[in-house]
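Number of protein chains: 2
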Amino acid sequence: MIEDKNQQKTQLSDLGEFGLIDHLTKNFKINHKSTIKSIGDDAAVLDFKDKKIVVTTDLLVEGVHFDLSYMPLKHLGYKSVIVNLSDIFAMNAKATQITVSIAVSNRFPLEALEDLYAGIETAAKIYNIDVVGGDTTSSTTGLLISVTAIGEVENNNEVYREGAKPSDLLVVTGDLGAAYMGLQVLEREKEVYKVNPNSQPDLEAYSYIIERQLKPEARKDIIKLLKDLDVKPSSMIDISDGLSSEIIHLCKHSKVGCDLYEEKIPLDPQVISTCEEFNIDSTTVALNGGEDYELLFTISQDDYSKIKANPNFTVIGYMKEAQAGMHLVTRADTKIPIKAQGWKNFNA
Amino acid sequence: MIEDKNQQKTQLSDLGEFGLIDHLTKNFKINHKSTIKSIGDDAAVLDFKDKKIVVTTDLLVEGVHFDLSYMPLKHLGYKSVIVNLSDIFAMNAKATQITVSIAVSNRFPLEALEDLYAGIETAAKIYNIDVVGGDTTSSTTGLLISVTAIGEVENNNEVYREGAKPSDLLVVTGDLGAAYMGLQVLEREKEVYKVNPNSQPDLEAYSYIIERQLKPEARKDIIKLLKDLDVKPSSMIDISDGLSSEIIHLCKHSKVGCDLYEEKIPLDPQVISTCEEFNIDSTTVALNGGEDYELLFTISQDDYSKIKANPNFTVIGYMKEAQAGMHLVTRADTKIPIKAQGWKNFNA
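Top to bottom, those sequences are chains A and B.
Numbered according to our numbering, the first sequence spans residues 342 to 689.
Numbered according to our numbering, the second sequence spans residues 342 to 689.
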């Protein structure tokens, strides 16, 4: 038999709004005692007893935050959850619930939204999150996803961007710059594909950095680890816009300065080799690339012994008095002011 | 002096994302003790002690939910808050915080977003809500607003869509159909304007219905009133999609049937006269028009004496056993099954 390449697709209009929500969310399970009422009423009802609640929201727009020519919808659904959970973890909190709203044009068949929700469901399962609400609507063009994440934290355990003190150590989890370099590879492949749609790309050598771009993870494990190590950071933020931008946030909110050591910035070997291939400075990528979803935090020097042996953590600098300013100390031992100039202007 | 009609507009790119959020939210004040940390960190932190929390979210898309040719941006900002608060009140809860995310194309100058946020700020002030977070991003086309609202309710005071019992009375607040007829007038004026841009519309006769469309209110007052009257509804929902659709939701969730009396449906005289002018059946408008943001609820017959003298409430029917079905009892005393067919098919 000849394969039917034009499989029947289901039009969204066949289901209607209520039918669509029911269909897409029917597999979502409730796991948290705090979720009293989930999808299906005017609002969700949550009960956190005597804990504090943290709330964050992010909007992902097609053509701005993602390109469906290389971002599979399942990965997009997964990533849209991750970017929000990362903000909850950056408060030293446990993520418990999300709401997911999407606006979608009628160029997407039902099967596309099923893929998107499969990714959302996978993230919800892995991170143990209840999906408790949302809204599904049509858009005149493109796809847009709005996620709100809710979490809980024991009183006095919450960590803000403010709170860092001079002489505190600046610590980062994981490694930096990979998501940005993954994007560069994907965009190069897209250009190659445009010229020759039959080309078969071999992306084996870029597997780590592409995964960091298409299927990032949020550092839930770090929140547990910090608790187990009995370390409460003095300030914390997640790295979504790039190390420079996040350091500036911590310093401004905490009213301190900072020395960041270039040689200490953790880079994966694949980031280094791909930067060489693209003739891009790897430090610049780490500082300005963004989308790493690692955690950046400060701790008292007294806590150094608790984290020093752990491979998840790299001490990359220390905080100073505000008037000392924020500087990158280069390998050549020169000091360059840290600015959030964005990618293009950084070397200007 | 000749008036300068080309006032200098500020491009969004001049401010950058962080500057834009700071600029637009600098006037927002915090009024709730439960708001521990607001805009400016990875997430907001809220503390509700021993109350339950309710959460709802809605997405408003240009070209789908609003038309900027007759919807002023300030009103749009106001309405985007109202539609969410209405869902919180429909849980018998108090609204306390919102997050607001917008995606906006670069055809909007800063001044347009200032108008939008002025409307959001006005709604926040009038309804005593703290704006605690959000996201501002670019879009490739048009404007999109995503609002998440959070509220609190004393334990056991929450009211769901389920809970109505046979013989319970069906009660609605205010009057119905006005927002839909306001939209019809505005769309007619838009067509007139296209033909003759110099026409000066006289909309005096439609002031109430246009206000219901452009600047709706949510029934915060009803939640207080029900408490003062010591009435806890057995089920409740807000009227966003039209009376038919909401009755079906209550009946399905509560596993009951319903008789709705056509002659009891509350209509404003302006709705009746405009329906006559447009040659549309006013009952059909009330049943299917939507965007009324009134509350629809059921109460035990024992509570009837508490609400009967109050002009805010109209008893429009009563609940029956599920097998009796859901019916509209017409003025001619015939029974028509209630269906959520949407506007166009209702008379088919």
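No lab work stands behind these hints: they were computed from the structure.
One should not assume that every hint holds.
[Said to hold, decoys possible] Each computed BS3-like pair below joins lysine-lysine, with the alpha-carbon atoms no more than 27 Å apart:
| id | chain 1 | residue 1 | chain 2 | residue 2 |
| --- | --- | --- | --- | --- |
| 1 | B | K649 | B | K596 |
| 2 | A | K593 | B | K374 |
| 3 | B | K649 | A | K390 |
| 4 | B | K556 | A | K568 |
| 5 | A | K565 | B | K390 |
| 6 | B | K370 | B | K596 |
| 7 | B | K390 | A | K392 |
| 8 | A | K374 | B | K392 |
[As the list claims (entries may be wrong)] Partial chain B-side listing against chain A, Cβ under 10 Å, derived:
| id | residue |
| --- | --- |
| 9 | D391 |
| 10 | L414 |
| 11 | T440 |
| 12 | R448 |
| 13 | L451 |
| 14 | G666 |
| 15 | V670 |
We put the beta carbon where it would ideally sit given N, CA and C, even for glycine.
Hints and how they fare:
Taken as a hint, the K649(B) and K596(B) pair is honoured in the structure, with Cα atoms around 26 Å apart against an allowance of 27 Å. For the hint linking K593(A) to K374(B), the alpha-carbon distance of about 25 Å falls within 27 Å, and the restraint holds. For the hint linking K649(B) to K390(A), the alpha-carbon distance of about 37 Å lies beyond 27 Å, and the restraint is violated. For a cut-off of 27 Å, the pair hint linking K556(B) to K568(A) is broken: about 49 Å separates their Cα positions.
For the hint linking K565(A) to K390(B), the alpha-carbon distance of about 24 Å falls within 27 Å, and the restraint holds. Distance restraint check for K370(B) and K596(B): the Cα-Cα separation of roughly 44 Å exceeds the 27 Å cut-off, and the hinted pair is therefore not satisfied. Restraint check for K390(B) and K392(A): the C-alpha separation of about 7 Å stays at or below 27 Å, so the hint holds. Note on K374(A) and K392(B): the hinted pairing holds, with a Cα-Cα distance of about 15 Å set against a maximum of 27 Å.
Residue-level restraint check for D391(B) holds (minimum Cβ-Cβ distance to chain A is 7 Å; threshold 10 Å). Violation of the interface hint for L414(B) is found here, the shortest Cβ-Cβ separation to chain A being roughly 18 Å, above the 10 Å cut-off. Nearest Cβ of chain A to the Cβ of T440(B): about 5 Å, under the 10 Å cut. The hint holds. Given the 10 Å rule on beta carbons, the hint for R448(B) is violated: about 14 Å separates it from the nearest Cβ of chain A.
Hint on L451(B) is violated. Least Cβ distance to chain A is approximately 19 Å, over the 10 Å limit. At a threshold of 10 Å, the smallest CB-CB gap from G666(B) to chain A is about 19 Å, leaving the interface hint violated. For V670(B), the interface hint is violated, the least distance from its beta-carbon to any beta-carbon of chain A being 25 Å, above 10 Å.
Against the hints set out earlier in the document, violations occur for numbers 3, 4, 6, 10, 12, 13, 14 and 15.
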